[in-house]
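Chemist: My request is simple: use the sequences and hints to build the entire structure.
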Amino acid sequence: MKVKAGFLAIILIFCIMCIYIIRCGSVPGSANLQISNFRMDSAYVQSCCTYELIFKWDQLNSTPRSTDFKLLLLDISTLEVITSTNNRVASMPPTWSSTLFVPHYLLDWNGKNYLVKMVWTDSTTGDSLDGSFLNIVLNPSTVMNQQTCLTCCNRANLHVGMHIIDSTGIDAVEANILMRTGNPCNPNGGTEPAFGFAYIGIMKQSLLYDDESSVQMGCGYFRDFIDFNDYDAHNVYYVEISDSAGRHFIDIYDSSVVLQPKPPINGQISNFKIVLESSIHTWHFYYDGNLVGSYPDPNDMWLNRFGGVDAQFMGEVFNGEDDMPGNVNSPCRINYIKYNGNGVTSNDSTFYVNDNQKDFGLDTTLIDDVSFWEK
163 MKVKAGFLAI ILIFCIMCIY IIRCGSVPGS ANLQISNFRM DSAYVQSCCT YELIFKWDQL
223 NSTPRSTDFK LLLLDISTLE VITSTNNRVA SMPPTWSSTL FVPHYLLDWN GKNYLVKMVW
283 TDSTTGDSLD GSFLNIVLNP STVMNQQTCL TCCNRANLHV GMHIIDSTGI DAVEANILMR
343 TGNPCNPNGG TEPAFGFAYI GIMKQSLLYD DESSVQMGCG YFRDFIDFND YDAHNVYYVE
403 ISDSAGRHFI DIYDSSVVLQ PKPPINGQIS NFKIVLESSI HTWHFYYDGN LVGSYPDPND
463 MWLNRFGGVD AQFMGEVFNG EDDMPGNVNS PCRINYIKYN GNGVTSNDST FYVNDNQKDF
523 GLDTTLIDDV SFWEK
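Per the numbering used here, the sequence shown runs over residues 163 to 537.
If you are wondering where the hints come from, they were derived from the structure by calculation, not from laboratory data.
It cannot be assumed that every hint is accurate.
[What the hints assert, rightly or not] No farther apart than 27 Å at their CA atoms in a straight line, the calculated lysine-lysine pairs in the DSS-like style are these: (1) K232 <-> K218; (2) K537 <-> K520; (3) K218 <-> K279; (4) K424 <-> K500; (5) K274 <-> K537; (6) K500 <-> K279.
Modeler: This is the structure in structure tokens:
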């Protein structure tokens, strides 16, 4: 009797499955969403260095369906999603296309391979297809209209480097910087300046811990395009005092300062130092042991703020297309790091920042030494 009951149960389950297949045409995840000839149809350059990648495919089932689908562009080595798009169509025709809009600086156009993944969900039946992959190679010949990308620069403010936090307060930082160049985005009529920085600095945040209520002091060097009538990038030493009310930016290769060093060159090592003399509310900036300028703490904005303080030893770019100083064979290096007159120890509260691991390399092997570069 038990055998008969089990056999009848199996028959009943089989019948239910048959009825489901007859009604729905498939089981979830079945061939209802099969596609063919998935391809990149064309690529165009839009304004502001944005690339328009157009993909097409054919649907094998002849009945148009209401469908949600997503395209994802992935790095072929890490499978990291670079960008994606979501679409919903009420009736998917036999042949369909979709477009990915990708900022130029997110891509490598020197023949690198990428994966494009399609994910479908049939809105009617809930059937899904996850895993249609297309391997594409991007290079300049891929683009149909050969309009140059260098028409503008896209603001990003990306950082890479080292922070040290000290709850007792920080009022002096010092380090050597091995200077390396990088190519800022050529504005070529664009609306944003372009910079590649390497600097040391001190930042204090208010108890709100937001950028709008922070103040900072910094010095170092940068490579820039500022004058849109002069497309030759040049190197500049600088000191900076800034807060939420604005930036006080001083080019120390200027007649108004005490010392006028020559502009930095690639491979040069220079020492930078910042000291707050709190008794007279004044910041002192040094280059290779020489005082290059003393500036008052504007409105006592540093001394009147209460919050976390951290020392920074960083690289920074202003736009997504700017190169971080250095490359993998010749990185920009900041070492012999000190704060409050002391060297870094393993007990210090140190953390590292890399806002763009895809494009920036970072070496933190030594506790008082940080190197970074454009990949």
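Chemist: So, for every hint listed, does it hold in this structure?
Modeler: Checked hints:
1. K232 <-> K218: holds (13 Å)
2. K537 <-> K520: Holds, at about 8 Å.
3. K218 <-> K279: Given that 27 Å is the threshold and the Cα spacing comes to 12 Å, the pair holds.
4. K424 <-> K500: Measuring from Cα to Cα gives roughly 25 Å; hence the hint holds.
5. K274 <-> K537: The hint holds at about 14 Å.
6. K500 <-> K279: It is violated: about 48 Å lies between the C-alpha atoms, which goes past 27 Å.
The structure is inconsistent with hint 6 alone, although it conforms to all the rest.
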